[in-house]
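Peer 1: Below, each chain spelled out in residue letters.
Number of protein chains: 2
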Amino acid sequence: MKLYTYFRSSAAFRVRIALNLKRIAYEPVFVHLAKGEHRKPDYARVNPQGLVPTLELDDGKRLAQSLAIIEWLDERYPAPRLVPSDAFERSRVRSIAYLIACEIHPLNNLRVLQHLKRVLGQSEEGINAWYRHWVADGLAKLEAELARPGTGKFSHGDAPSLADCCLVPQIFNAKRYDCDLAPYPTTMRVFEACMKLEAFDRAQPSKQPDAE
Amino acid sequence: MKLYTYFRSSAAFRVRIALNLKRIAYEPVFVHLAKGEHRKPDYARVNPQGLVPTLELDDGKRLAQSLAIIEWLDERYPAPRLVPSDAFERSRVRSIAYLIACEIHPLNNLRVLQHLKRVLGQSEEGINAWYRHWVADGLAKLEAELARPGTGKFSHGDAPSLADCCLVPQIFNAKRYDCDLAPYPTTMRVFEACMKLEAFDRAQPSKQPDAE
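Those protein sequences? They're chains Z and S, same order as listed.
Oh and the first sequence: position 128 is 112 in the numbering used here, straight run, nothing missing.
Oh and the second sequence: position 35 is 19 in the numbering used here, straight run, nothing missing.
Watch out, some of these pointers could steer you wrong.
It does not matter which identical chain is used: a pair holds within one copy or between any two.
What the hints assert, rightly or not - List of simulated lysine-lysine pairs, DSBU-like, C-alpha gap at most 30 Å: (1) Lys101 - Lys159; (2) Lys24 - Lys125; (3) Lys19 - Lys125; (4) Lys180 - Lys45; (5) Lys(-14) - Lys45; (6) Lys(-14) - Lys180; (7) Lys101 - Lys(-14); (8) Lys19 - Lys137; (9) Lys125 - Lys101; (10) Lys45 - Lys125; (11) Lys24 - Lys180; (12) Lys45 - Lys137; (13) Lys180 - Lys159; (14) Lys125 - Lys180; (15) Lys125 - Lys(-14); (16) Lys101 - Lys180; (17) Lys19 - Lys180.
By construction, these hints were calculated from the structure, which means they are not laboratory data.
Throw the hints in and build the complete structure from the sequences for me.
Peer 2: So this is what it looks like as C-alpha cells:
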C-alpha cells in the first residue's frame, strides 16, 4: 500500500506509527504541505478533502483521515490490537485519541498558524503564545484523563494503542514549540515509554526520507 | 442512562441525535458551558477532560468524547447502524465525521471564540470573520468529499450515519453565524434530508429543556 505523507504532519505521523506497530510495509508518497502541494488538483484527485495522510490500498481504494485509517488497519490487520476488544476500553482509548485529535491538534496545525500570521497579523511571538496556550489547555485535560484508572505503562493498559499514536506526535509538536511539559508527568512518562519502541522512533519526522 | 449536555454544544447535539435515532431514552443533566459549569470541580469528577457531553451508564461507568460515545452506542445498540458493517464504508463514514469533528468544529467552539476576544482582542466582526473563514474552508472540503461515490440520500448511503450526526450540528452553527451556504448544495441537501427526521429535529438546540 501507499501512504501519502509529509514528514512534519502529525496526522501522517500517527498512521506511520500504526503501520510500524503492525509491521506493515508501505510505499511513501511525499506531499509537501509547506509548499501547498496538498492544494493542487493532482492531490484533490487522490483525496478530495485535500488533507494528508491518504492510505491507498493495493486495489486502488483510498482512505482519508488518520483516525479512520488506523481504525481500518486495526480491523483488517488486528495484530497487535490498537483499539482494545472490550467495548468500554475501546471507548476510553478513542476518547483519549479524540481529545488530542479534536481538541488540541486542530488549533495548532499549519493552516491555522498561517492564518494567524497572514490574516490576523500576529507576530511570531503571538503565534507561539497561541500555540502554547492550546497545548497547555489540552495537555492539562489529557493529564487529568490519564490519572483515571485504566492507564498503565501506556495511555491505556500496558500495550500501545490508538491513543498513543496520537499522543506521541502531539508531544513532538509541543517540544518543537518549546512548551513547558513539566506539568504533565504521566503524559511524559507514556511518551518516553512509546519512544523506546522502534515503531514510534522510526515514524518520527526527522527520520523520514522527506525530512528537511 | 444520563447524558450531561448543553443545548448549544455541537458535540452533545451529535450524541442526542444518535440516542434519538436508536430510540434510547436518557435523562439529561444540564451543564451550562457559557457559565463555565464544565470547569467546576463537581464536573471534573464526572469527566476529567472537563468537556461536554458525558454519557453515564446505568452501572455508573462514564464515557467521554461525542464520537467515542456514538461508537459505543453503535456497538451496544446496533439498530439502526450508524457506522456501516462494511470495512471500507465504515472508514468513509468515519472520515466524514472526523473531517467535521477534527477540522471544522474545533476552530469555532466557544473557548476559541472567547480566546480570540479576550486574548487577541478581536472585535465581534473579527470573530465572525474567523468563524466564517473556517466554516467555508471546512465545508468546501466536505462538499468535495460528498461528491464522491457512496453519498446517497444522506452523507453515506440512504440511511443516516455517524457522519450525519456530525454534519447537522455543524450546519446549525454555520447558520447561526450567517455563513453563506449556497456553495455547498450536496451538504445542504443532506442536511435537509436529516432535518425531516424526527430524531434530528428533536435533538436541535432550541428544542432542549435548557434552551435559552
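Peer 1: 30 Å Cα cut-off: does Lys125 pair with Lys101 within a copy, between copies, both or neither?
Peer 2: For Lys125 and Lys101, both the intra-copy (27 Å) and inter-copy (22 Å) Cα distances are at most 30 Å.
Peer 1: Since the copies are identical, ignore which copy is meant and state whether Lys24 and Lys180 lie within 30 Å (CA to CA) inside a copy, between copies, both or neither.
Peer 2: neither (37 Å within a copy, 37 Å between copies)
Peer 1: Are the CA atoms of Lys(-14) and Lys45 at most 30 Å apart within a copy, between copies, both, or neither?
Peer 2: within (11 Å within a copy, 40 Å between copies)
Peer 1: Is it within, between, both or neither when you check Lys101 against Lys159 at 30 Å Cα-Cα?
Peer 2: Result: close both inside a copy and across copies, 21 Å intra and 27 Å inter.
Peer 1: Between the shortest in-copy and the shortest cross-copy C-alpha distance, which are at most 30 Å for Lys19 and Lys180: within, between, both, or neither?
Peer 2: Result: close neither inside a copy nor across copies, 32 Å intra and 43 Å inter.
Peer 1: Up to 30 Å between alpha-carbons, please classify Lys45 paired with Lys137: within, between, both or neither.
Peer 2: between (36 Å within a copy, 22 Å between copies)
Peer 1: Pop the pair Lys125 and Lys180 into one bin, within, between, both or neither, using alpha-carbon distances up to 30 Å.
Peer 2: Intra 25 Å, inter 37 Å, cutoff 30 Å: intra-copy only.
Peer 1: Is the C-alpha distance from Lys24 to Lys125 at most 30 Å within one copy, between copies, in both cases, or in neither?
Peer 2: Cα proximity of Lys24 and Lys125: across copies only (13 Å, versus 37 Å in one copy).
Peer 1: When Cα atoms must be at most 30 Å apart, do Lys(-14) and Lys180 count as within-copy, between-copy, both, or neither?
Peer 2: within (26 Å within a copy, 41 Å between copies)
Peer 1: Check Lys19 against Lys137 for me: Cα-Cα at most 30 Å, and say if that holds within a copy, between copies, both or neither.
Peer 2: Intra 39 Å, inter 37 Å, cutoff 30 Å: neither.
Peer 1: Within a copy, between copies, both or neither: which one fits Lys125 and Lys(-14) at a CA-CA cutoff of 30 Å?
Peer 2: between (35 Å within a copy, 22 Å between copies)
Peer 1: Quick one: Lys19 to Lys125, C-alpha cut-off 30 Å, is that within a copy, between copies, both, or neither?
Peer 2: between (33 Å within a copy, 19 Å between copies)
In this structure, the earlier hints numbered 4, 7, 8, 11, 16 and 17 are contradicted, and the remaining ones agree with it.
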